[in-house]
Each structure stands twice: as structure tokens, then as C-alpha cells.
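If you read the protein sequences in the order shown, they are chains C and L. Counting from 567, one number per residue, gives the positions in the first sequence under the working numbering. Counting from 3, one number per residue, gives the positions in the second sequence under the working numbering.
Keep in mind that a hint or two might mislead.
[Stated by the list, open to error] Derived lysine-lysine pairs resembling DSSO-like cross-links, with alpha carbons at most 27 angstroms apart:
1. L:K40 - C:K627
2. C:K771 - L:K259
3. L:K259 - C:K885
4. C:K886 - C:K829
5. C:K694 - L:K230
6. C:K785 - L:K230
7. L:K120 - C:K586
8. L:K40 - C:K829
[Claimed, not checked] Just some of the chain L residues that point at chain C, by a computed CB distance under 10 angstroms:
9. A86
10. L320
11. E355
Hints were generated in silico from the structure; no laboratory data involved. Owing to the predicted nature of the structure, the values given are computational and were not obtained by experimental measurement. C-beta: ideal position from N, C-alpha, C; glycine also.
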Amino acid sequence: MKIREFKERVFAAGAKAGLKDMEIYVSRSQISTVRVFESEIDDYSVSDAGGVGFRARYGGKVGYSYVEALDEASVELLTSGAKANAQIIDSDDEVFFFGGSPSYPEVEAFNTKLKDVSTEERIEYAKKLEAAALEADSRVSMVNYAVTGVSEEEVYLANTKGLERSFVKNGAYSFVAAVIRDGEEVRTGGKLIFSNDWGKFDAEKQAREAVAEGVSLLKAQTVNSGNYRTLFRYDVAREILQTFASVFSAQQVQRGLSLLEGKLGRKIAVPQLTLVDDPLMPHGGASMPFDGEGVAAKTKNVIEQGHLKTFLHNLKTAKKDGLESTGNAHRFSFKSPIGIAPANFYIKPGGRSYTDLIADLDNGLIIIDVQGLHSGADPVSGDFSLGAYGYLVEKGRIARPVDQITVAGNFFELLETVEEIGSDLEFGAPGYGGQIGSPSLLVENMAIAGS
Amino acid sequence: MLTERLITDVLLAALSTGGDFAEIFAEDTYNTAIRMIKGKVEEGVTGRDYGVGIRVFQGTKSVYAYTNDTARENLMKVAMEAAAALEGSHRVGSIVLARLAVEKFNPIVMEPGQVTQKEKVGVMRKAHEAASGYHEQISQVTVNYLDTDQNVLIANSEGLVAEDRRVRTRLSIHAVATKGAEKQSGFYGPGRHMGFEFFDKIDIEEYAAEAARIAVTMVNADYAPSGKYPVIIHNEFGGVIFHEACGHSLEATSVAKGASVFAGKLGQQVASELVTAVDDGTIPNAWGSQNIDDEGRKTQRNVLIENGVLKGYLIDKLNARRMGMEPTGNGRRQSYKFAPTSRMTNTFICAGESTVDEIISNTEYALFAKRMGGGSVNPATGEFNFAVSEGYLIRNGKIEKPVRGATLIGQGAQILQKIDMVASNLATGQGMCGSISGSIPTDVGQPTLRVSEITVGGRKEAD
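Extracted from the complex, chain L is given alone in its bound form (with noise of 0.2 angstroms):
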């Protein structure tokens, strides 16, 4: 994208005022998303995002620049743009650029641009006639299908040079179920670091039955009760309350400054002894797997909590410099738009020993949080809060009937200390992960587990 000749010239004027260390980010994505609603095709668009990021830091202090003009004069103009913001005098010389061999561990077959639209189309249309298929009460179903062919590279003033390509498809389903003046809907949205084989791996006529099937579940569902008590959560994007709930709050963004509660407690039991998670970006061909991160560095499997003890942060390059620790390969941003920081790649629960049917029989009451919808959290408090997209009521042992508009509200860190049994059926699910460095695509996960006591939220009181 860039020659070597230019990258060198662009990170010497960003340091040429004081800053310690330079990076380029250059990146050339094409996108696609095509969107399908009652089986017909209202919009495709397809595009490219071209730009360059500039960063540059001096001690902890960072500043950022970014242009989609990259011709050498403005590149230049704008690295002397960043520059600007810092004092100081040239402490770098020169620059001695080598190139990092990437190890590609995530297969592309089936490449987007290759696909036709009518493709692309035609599996949009399976997953149609699937999910309206399905039952009588589905008023409404809504597809779009997502892909993207991110094309980066990376350069910094250490004389790191790297390219990586990642492409990443996903197909997701909306669906809505009416029952007289009341409507409920169902979501499931698969993706994957991988091209368009991917629906060659996959039954998306079986996703999009599901997203069907939740949705009139909950339409035919009573109020969940409201109250304190056990919360069992299922596998796979019921993962989404750690990632939200204690993920955020590992990341260096807000451990670097203090701000998270699990800041300085390295080695200490911060949660159940049956926990055990991982943040792990090198699973090949998952949704937020990524050859090496943004910054240009290796993904790797970070341990965070084993046994219920506090292991390891995700750290990015700058609070690296801050916590007096080594990067972890979890630098990220959504695009050239954004400077990169800690962000989560495929962040789970670890497989325990129970079985779900064990989990349940042996639970007195207990609402049963089937799928989770999204959830938010305040990274300083921990304070978390999530929607439970398909819920049960658990009594005596038994699931006893369909439940909707249930929430669930508490703080990560006394969550992670409640969970009293874990299941063996470790699943994982897509999400896109929104925080200052951008939207990306991250993958959450874990078996299913029940929690002692979470404060239920809904329009019902407890019966």
C-alpha cells in the first residue's frame, strides 16, 4: 500500500518533535451488506474504506491522526500534524524497516469479491424461507448479510513492518413474531473470520429457525417475575455477561488508570473456584480471531482467571508502557479512524464438569436465561446490566414455562464469586463489541452456569 521509502520518511516527521515511538496504520477494506426484508431485497451496498492512520507517542502521552488522502505531501502534512501536539526535539534518527513474517492461521477459501451478489443473495433467501416458514405467528423477518475484506498495513519507528488480511462474513436474522396487538422477535446472527465457505460449514436454515422459534416462544410468554434469586445462564452467547460484566473491566483501558475493580488484585481469587477464563485471539477462522492485532503484534491465548484467580490483563501498546507490562496482543480498533487500544478477540468461560440436566434438576427456583440479548456495564463500578432475550421459569427442578422481558442487573466482580456450578458445553457466539477504539467483531462464550442470586428485573413481581 505504501513503499518502504515513504513509511520511514511519515514516521520520522511524527517524531520529528520529540515522540518516542511512530506508527502507520494503512488500511483498503471492501465492504458488502445486502438487506432482505419479507424475502425481497430492499438495499446492497458495497464499498471501500481507504485511509491512514498516524500515531505517536511520547511517554504515556499519545496523539492521533488519520486521512484518506495518501498521497506522500499530505501523509507528510498530516504527520507533522500529530507531531505538533507534542514538545520536544528529535530523538530519532533513523529507521531500519523489517518485515514480520505472518503466520496465517485463518484460511480463506471462498474470497467475497469472488461471490457473485446473487450469491450472496441466495443464501439471504434460504434463511428467509426458513425463519418465515417456521410458525404461523412470524409477521415479519428481516436478513442481512455482512461481509468484509480488511486489507492492513502496519509500520512502526521500532522498524516493524506487517500485513495481514482478514476477511469476515456473517448473515444474521431478525425475526418477529405477532400474537393480536403484541410483538416479540428473535435474533441469531453467525459469523465467522472466513470467507463465503463459511455457509458451506454452517445449516443457516437451522439458525434462522431458531431466530423464528425464540421469537414466538416469547410472544406466547408470560412477564418473568421480578426479585432476587438463581440465575442459570446458557452456553454460548450467554457468554456475553462475562465479556460485558468482566471482560471490559480486564481490559488495560481501564486497568492502566485504576479504574477497574480488578486493578492491582493479580493473584488474588476474584470469582468462584469453578471459574476459569481465557481471552484467546488465535482460534482459527473464529469471528474475532485475527493473524496479528492492530498494532501489528502476534494474537495470542491469554489466560485471565484460572481457578478463580486473577492471571493476566489484556493489554494494548501504550498502557503496556503504563503498567510496566508486555503488550498482549489485544491492540484493536475498528478501522484507520481509531487509535488502537485493549479490546477482547474470543473471550469465554471454560468448560466445567456438570451437565445442564444437572444443573437444572437440582435447582429449586431459578429463572433459565436461554439467550441473552446485548448488556452494558460501567468499567469503574462494574455495574452491569443485560436483557434476556429468551427466558424460562425453573421450578422444582423442571423448566416450568416461557418467560419474557427479564433483566438482569448487578456488578461483575460479585457475579463472578455467585457462580455455583458450571456445565461441560462450552459454545461461543458473535457479537460486535462497541468501546473507544471502535465497533469490532468479537466472539463471547462459556457452558451453561448458574449463579447463586442476581437481582431480576421485569414488570412482574416474584409470585
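Okay, chain C solo, but in the shape it has when bound (with noise of 0.2 angstroms):
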């Protein structure tokens, strides 16, 4: 069954079985990935599928449901199963059904030039991350990812107000690690690329930098134990506001799980720092031109010059703060409810490039890897304690490798203690909650467990 056929028959049953308010939210994407072990290919992947996301309005609360099959057997379950889980909400919220913004930006995040990249050319391309990372230094002993892959997805939003939008973007990603043996000593180094612009890969070059990574770790040692002048890298750094990014959102302060919560207005980051939702950012990982609710998707400083000037709002949570929408309604999949997301979401970069700031560090460490973000950081108490590699630094140069470490501090902290910040402003693999860039952070004290 077609997608807007099935939506007409959906919204007839669904309206014989009394739901007043009904959406359709449908993605469907087009993946094909090949890895690349000891120049054959090892795993080698295609697919298109997707699913059909429903929410309608039943006695005044709203249901959830989803399918991913589009037959008659579909329609009935996502009436009645939207129907029964609108009986069960007690959240007294008011949600929206949105009609259309009165217009729309035209966002660029289709490269048709993208579709004319063979899978040869990319099966090639895995082939010579590999080659490329064993040749670029002897102590490389395995290469255990050479991978490329490339995406296409169609987002569709329709609903009984007479909304009906759709969206599509692809993009490309390629990632190699490399395992770095020097007598019982283990390594490894990984890079992963990005981008909807196959121009920008470079596979030799991709290989090189992860074997450095990896072969510059050798002989570390851990530290000793105390506060350290820390410059996150720019990688560091954007996972960190990763993992953090939750408390910029109104949903998260509505439930009491921000402690940002009263800080509107409020200086809460050092001036020099601004930090950026822009989903109209050409070619960006998670542009769009339209949020998960079809509300029109803006651009928007969420701190700027240390000031907290917005949180990230849906239809539901600006209504209960009497404000508009931010544009930041988002559904994580079409099985997901709406939530709150950040699109292509930055800290605005400064004017030290990475080499002026290890200058500036003098004396302290640089991290360029954590471990654990997932386990090792409170999004409710902004606290983090994560294992790290990195480099001392001495004198405003690289003195040695450091692993064995853990760096530990607060999110909330860290934004009032930024020294300086970086020119190397890069984003990382768009995911579920937006796509995330940092430049590297010179910050004044952290506490370091080693030794």
C-alpha cells in the first residue's frame, strides 16, 4: 500500500472509532554499509525499511502507536492501540496538533551527487583505509573496522489539520580502527568521517590519522593524582556537550531533571561562550526544515555570551511557559513520542587554533579521548567522572601519553570555567538526539585520579 493511501485509510478508521485529532509520522531510510577485513569484504549490508508512526487524540488525552508493515491488519492495530493508550494518560499537558507554520525554510541536506558513488567505489574506499593503516606503520597489527556507509531517508508528516510535509536527506560515513601492538603493549586509534560530500573523504589520509592517534598513546603512564590545567580536544569536548545536552531541554526543566531550571537570563557560562541551535545549516547532520511536530525549524543562540537565552522548547512545553516553539520537537524513531532534541547543535568557535592552545595550557594535560559517558556522567547533577588518555603537557609542549586516568568535574562547573576557546570548531555522527560540534576548551581546573 502506498504511504498516503494508507494515511487516508488510517485517518477513516481512525475517525469511526471516535479519535478526534490524528498524525501520521512516516521515515523510511535506505542503508548500505560494507567492511572491508584482510582486503575481502567481511560484512556487507543493504536495506530499506521504515515504519509508520500514529498519534491521535481520544477523550482529550493522546495515544501512541506504530507499525512497520503497511497492510489492513496495521491500520486496526494503530487505531485501537493509539485509542487504548490515550485511555491511560493521566498527564493533564495539553498537546498539539499543529496545522503548518506560515512558511517553511528551504534547507539544503540532499547531495544528489551522492547517489553517484558506486558500492564499488565505497567497497574500494574500505579496501584502502585498511591498506593505508597498515602501511602507515609497522606497528599496526590489525585493523579491525574499514567501514563505509551511505544513508538516504525520507521523513513524512501529515495529520487531520491539514499539515502535510516531507523531508529528505542522505549522507555518508566512513570509520577505521586500527589495533597498534608494540611488544605486550595494545593500542588502538579510530577516525570517523562524516559527510553528504564524498569529496571529503580521504582514505589515506583517514588512516593515517587514526594509526597516529593509536601510536601516539604508546608508553603512557598514568599521572599523579591532582587538579590539572585541561584543554579538552574539540572531540572531547562535543561528546561531553553531548551528554549534557539534555538539560538545555524545557522538558527536562518541566520534569525538575535540569538544574537550569530558574536560569533564564541568567549568566550560567564564561561571556566568551555561545552556544548555537542552527537546523539550517547546509548539509548539516540533523538539518531540517521542519521539527518533529511540523512546526518550521529556526536557528537560535541557546547561550549566548554566557547568558542562557532560551531552552529548547515543543508545542507542550512552550505552552506550559506561555512562550512559541523553539522548533525543537523531535521523534527519536516512529516509535518514539515526541520529545525534545537539538538539531545541529554548537559552541560557537573562538580564535586560538588547537596549536595556540596547548601553547596557552603551558603546563596541564589534554584529553583526547573519554571513556564511559554513558555510565560516567549525571545529566540531573551535571557531575562526570570519565576514564581518559591523553597527553601531559609541559611548558606549552606534548612532554608524554597519559592513560590510566580519570578526569572529573561537573558540566554546570565547567561552562562558568572555560579559559579559552578553540578554532577547531567539528561535528561529530549526527544521532537520535541531533548532531553535536564543539571547538576544543581550555579550562582552568580538573580534577585528575591517577596515581
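Hints are included, so try docking the two chains, each in its own frame, into the full complex.
Pasting the structure below:
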């Protein structure tokens, strides 16, 4: 059954069952990935799949349901499921079905040239990644990931208020990870690239960077426990931002799960820090013209020169606070209810290069990798304590690699103790909670546990 | 779900370019998720996952394709697309299917589809009341109810056809305690491979009160001292340390390619003699149990380490080919959207002979990690990172005070050697384990045990 026909059937069946407002959110992805091991295709996968999320009002409350097969049985499952689920809701929050914004921005997120990249080219790329990594250093004992993938996703949103919009985006990614062995010592180094511009993929450079990172950690040792001036490299800084991004969600604030509650308009970070959410960025991994409720997407500063300017809202949280939606309604997938997430969410770059920042650090630590963000960080308290790797810096120069340490602190304190912001903004892979970016951040004082 | 004729045709199409093994995994799953915040149901979602995954091997090359459209024409097309990634000519002429008699040792009494949403909400409300009424510092309680009824059909070119049904039920309680501007949380999430009768078998209020107790204890705790010192890891969810730091490195996914620290070490002493560890997918109704794995093989009890000696790995079909060993019933996947690989089921360190009191009273200074949070590991190096969600400082053989914010870091293989006391109180806890074949339910477990030295990360310097 085609999607528009399916929608009509669902809305008709729903009306018969007494459902008032109804909405379907459809997403469909085509994904193809290839992994190479020892010059052979180790793993190849293709898929074309998706599903339909449905929500509807019954008795004043809204229930959800979803299906993956577009058949007659699914029409019944969607309508009866949403109706049953509406009947257990006892939240008094007003839930909205949106008829549409007056206008929508043009957002470029589909690169037609990516379609011209053949499967053979991608296989070649993965093979090259493996070969280049093995060649980069004699101590590379194996390349455990040499992967490339392309994806195309279409989102379609329609409701009984007259909204009907769709959006297509595509992207490619490549990941390489090498195992480096030197005697008994084992290190790993990896590098991920994500873009919908195939011209940005350079297998040799990517492989060399992955290997160099692993090699740079050979002979790493711990440091004495204590407080250190710390430079969070851009990729670590963005991972920390990603972990704590939910503190800016109005939903978390209203649920009493964000310490930023009551801080709107107040200074929460150093003056040189500006945090932006930009869904309109050309070819951004999380760019979109409308959000999960069909509200036109727009760019905003969440923190502007240290001051908290806005939380991220959907229609429900905005109404509760007497504000307009910021266009951040988000459905993690067609299976999920409407929540809130940023789009392309990043700390605005400053003027200092990574090399400048190392000189500025003078004596301290550079953190280049952290582990355990999903367990060692608590968005509710802001506390984190993470296993880390990096380099000890003495007199503005990298002195030696460091491992077996933890770096501990608090996200909210970190925002207020950033000394310098790098110019090296780089985004990570787009995930379910937007695409996050940060430049490197120099922080005055972090608690390091070592020996 | 699919006729035998269609299965045979799809498998043969998948093998048309020289593949030597093909497999179909068809799935029809019903899910329920309900979320209650501050005592009010905010969201209820029910849905159905439906699709087919087709896998083809040629030697150790593997191709995987999946779709939601299970019409004959489309399945044949997807099988041909998968086959197109291989080069060669047809080697398998015919397939004779034979149904596997699956022994159902995970009885399901109250199917989730037969229980009303209101009854499910009733259990959540009990949990909410117990947690929110625990203490005045409890400021927020979130309760999540989940059930899933997964029906699978697995068929392959060796002639196997097997069907299985996996019903799982879980309730998780997340409590937040507030003191001034500080917030700390506590979590408990019991679950079983079982229907709604699960809630007749456990006292959900006890779990909810535990989640609240942890949050309140931690909001009133001081920061843990950092440094390298002994750590006593409590039973039940404490087993996550073995799961992450050792279990993943015993999966064929990392062993077969030589990427694991345990590769090539069968028969060698890899742990303290006090350590015996098992992965057992056959425990009736346990969270990580299954009648058959997702490759259609009966699950089994696998001894991984016996008295410190490495005895076995967790092996799936593809890696069995790479390793020249037999699969162990550990081929698992989240859904038809993932090719299966070697994964854990219920994995735990077996009971020892000490008591918890003996361990504590024989310890001069240590961190007592009573509840562990999650963690992660780099399987190539075995380096891990865990959060301690409820910790205490032990001094002179006694529990001195609660401490928070501690993280344990180290290297799995080294920690295994440093276990110097093991209690007899084996218990298991439930987790969702994420890896390349998706997020799957697994039990972790262990008795209380002592590690002579671990690096403890925290915000405070050691005193």
C-alpha cells in the first residue's frame, strides 16, 4: 500500500473509532554499508525499511502506536492501539496537533551527487582504508574496522489539521580503527568521517590519522592525582556537550531534571561562550526544515555570551511556559513519542588554534578521548567522572602520552571555568539527539585521578 | 509467518551467486512502553515490528539485507540484492526443510496482549507510590513499563526451520533526590523472560524503595576519594564489571580476528583461582535466556573460566567458521534489522566461599561499590570504565560513610587476576547490552568480591 493511501485508510478508520485529531509520522531509510577485513568484503549489508508512527486524541488525551508493515491489519493496530493508550494518560499537559507554519525555510540536506558514488567505489574506499592503515606504521597489527556506509532518509508528516510535509536527506560515513601492538602493549586508534559530500572522504588521510592517534599513546602512563589545567580536544568537548545536551531541554526542566531550572536570562557560562542550535545549516547532519510536530525550524542561540537565552521547546513545553515553540520537537524514531532534541548544536568557535591552545595551556593535560559517558556522567547533577587518555603538556609542549586516569568535574561548573575556546570546531556523527559540535576548550582546573 | 515453499525459494535465490549458506530471520513483535512521571502517565505507545532479514555466507564473507515488505516478489528481490554482493555460481541445488522441535523452558503464563493497559499502569502506580513516599528528599520519580512479545522464524539452507516466542517484561524505576541545589538519582530495573505474572513473583515496591534509598543516600554523600586502592564490588548488578571488562572480550566477534586480549589463551590461567565464570542461556525465565538463539541453535551453559583457567568463548555461526570451532548458542540480535553475532545471555561469576561480613571485616581501607552503574570497554585492550552509583568507604573493617561520584577504571584481564576474596551470595541483575548486533537483554551477576587494587576516579584527593 502506498503511504498516502495508507494515511487515508488510517484517518478514516480512526474517525470511525471516535478519534479526534490524528497524525502520522513516516520515516523510511535506505542504508548500505560495507566492511572490509584482510582485503576481502567481510560484511556487506543493504536495507530499505521504515515505519509509521501514529498519534491521536481520544477523550481529550493523546495515545501513540506504530507499525512497520503497511497492510490492513496495521490500520486496525494503529487506531485501536492509540485509542487504548489515550485512555491511560493522566497527564494534564495540553498536547497539540499543528496545522502548519506560515512558511518553511529551504534546507539543503540532500546531495544528489552522493547517488553517483557506486558500491564498488565504496568497497574500494574501505579496502584503501585498511591498506593505508597497515602501511602507516609497522606496529599496526590489524585493522578491526574499515567501514563505509551511505544512507538516504525520507520523513513524511501529515495530520488531520491539514499539515502535510516531507523532507529528504542523505549522508555517508566512514570509520577506521587500527590495533597497534608494540611488544605486550596494545593501543587502538580510530577516525570517523561523516558528510554527504563524497569529496570530503580521503582514505589515506583518515587511516593515517587513526594510526597516528593510537601510536601517540604508546608508552602512556598515568599521572599523579591532582588538579590540572586541562585542554579538552574538540572531539572530547563535543562528546561532553552531547552527554549533557538534555539539560537545555524544556521537557527536562519542567520535569525537574535540569539544574538550569529558573536560570533563564542569567549568566551560566563564561562571556566568550555562545551555544547555537542551527537546523538550517547547509548539509548539516541534523538539518531539517520542520520539526517533529511540523513547526518551521529556526536558528537560535541557547547561550549567548554566557547568558542562558532559551530552552529548547516543542509545542507542549512552550505552552506551559507561555512561549512559542523553538521548533525542537523531536521523534527519535517513528516508534517514539514526541520529545525534544537539538538539531546542529554547537559551541561557537573562538580565535585560538589547537596548537595555540597547547601553548596557552603551558603546564597541564590534553584530554583526547574519554570513556564511559553513558555511565560516568549524570545529566541530572551535571557530575562526570570518566576514564581518559591524553597527553601531559609541559612548558607549552606535549611531553608524553597519558592513560589510566579519570577526569572528574561538573558540566555546569565547566561552563563557568572555560578560559579559552579554540577555532577548531568539528561536528560528530549525527545521532538520535542531533548533531553536536564543539571547538577545543581550555578549562582552568579539573580533578584528575591517577596514581 | 512464511510458507516453506517461499522460504526455500528465497534461500535458493540468496545462494544463486556462490553463497554456501543462507538464512532467513522473520520477526513479528508486539511492544508496549508506558512512561509515568511524578505519578502521572505521560506516554503510552504500542506497536508492531515486522520484517525479514536475509543473510548469506561465502566462506567467511557475510552479506545481510532486510526489509519490512514480506511479499514474495519483494523477498525474492532482496535475496537477489544480497546475492549480488558475492561472485560465483550456484552450488546448492536443493534444500529440504525440517522443523526443529524447540524445547520451551521459559513458560509464559500471562501474555502481555491479554493484560489491559490499566492493569499495567496499576503496577507502575504501586512502584511510584513506594518510591515517592520513601523520603521527603525524593523530588522526582519516573517509572517505565516495557513488555515485548517477539515471534521469530529462523530457517537456513542446512534445512533448519525453527520458531520461537520470547516474551519479556520489565519495570524500571528512576528516583531523584534533591538537597538544596544538588540532585542525585537511584535506579532499579527488574525484568524477566516472562509474562505479566512477573509482578506476582516479585515485590515491585521493594525495588522502587531501593531506587529511592540509593538516591537519598547519594545526595547526602561526600565525594569519593580518588586513587588506587582496594575495591569491594557487591553482588547482583556488580557483575556488570565482568560483563563489560571480560565478557565482551570473550565474544567471538573480537576473539576470531585476534582483537581480544583473551585470543589464543584457552587453557591458560587468565584469572585468580577464585574465579569461575559462566554464560548460561538456559536458566528458566531469566532476562537473558532464550529457548533458541537467533541463529536457531539451542542455547546452552558455557563455562568461560574455571578456577581461573580460560575454558571457552561465546561463538556464533560465522565466527565459528573463522575459528574452526563449534557455535555455542550465543548468536543474538536486537531484531531483523541486525545480522546476529556472538553475544552474552546470562553471564556471571559463580559463588565462592566467603561471606560479605568476612570480606568487609578483613579490609582495612576500600571502596565498597554496592551498586554499579553502567560501563564500557575497549575489547582490543580490555580497558574499562564503570560508574559506581552507590558507594561507601570502608575503614578498619567497617563501613564508614557513603561516597558518590566514583568511577572505576582499569584493564579487565588485570582485574581478574587481582580478585582475592569471593563471597557465596551470587545474584543477578538485568541490563540492556549494546553492541554491533544491537541492544539485547542480558543478565549480569556475581557474588560480592574484593579486588586488591583498582584505580578509582573521583573529584576528591585521597585522604
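Pair hint outcome, K694 of chain C versus K230 of chain L [Cα-Cα no greater than 27 angstroms]:
violated, 43 angstroms
Quick check on E355 of chain L please, does its C-beta sit within 10 angstroms of some C-beta on chain C?
Given a least distance of 31 angstroms, the restraint on E355 of chain L is violated.
Is the straight-line distance between the alpha-carbon of K120 of chain L and that of K586 of chain C 27 angstroms or less?
holds, 22 angstroms
When you check the alpha-carbon spacing of K40 of chain L and K627 of chain C, does it fall within 27 angstroms?
Cα-Cα ~18 angstroms, so holds.
Regarding the pair K771 of chain C and K259 of chain L, is the alpha-carbon distance no greater than 27 angstroms?
Answer holds: K771 of chain C to K259 of chain L is near 25 angstroms, not above 27 angstroms.
Is the interface hint satisfied for L320 of chain L? The criterion is a beta-carbon contact with chain C at less than 10 angstroms.
holds, 9 angstroms
Check the hint pairing K40 of chain L with K829 of chain C against an upper bound of 27 angstroms on the C-alpha distance.
holds, 22 angstroms
Just to be careful, I want the Cα atoms of K886 of chain C and K829 of chain C compared with a cutoff of 27 angstroms; is the pair within it?
Since the Cα atoms of K886 of chain C and K829 of chain C sit roughly 17 angstroms apart, the hinted pair holds (cutoff 27 angstroms).
Given the hint that K259 of chain L pairs with K885 of chain C, test it: the Cα-Cα distance must not exceed 27 angstroms.
violated, 55 angstroms
Below or equal to 27 angstroms on CA atoms is what counts here, so check K785 of chain C against K230 of chain L.
The hint holds at about 20 angstroms.
A86 of chain L as chain C interface residue, shortest Cβ-Cβ below 10 angstroms
holds, 9 angstroms
Violated hints, in rising order: 3, 5 and 11; the structure is consistent with all others.
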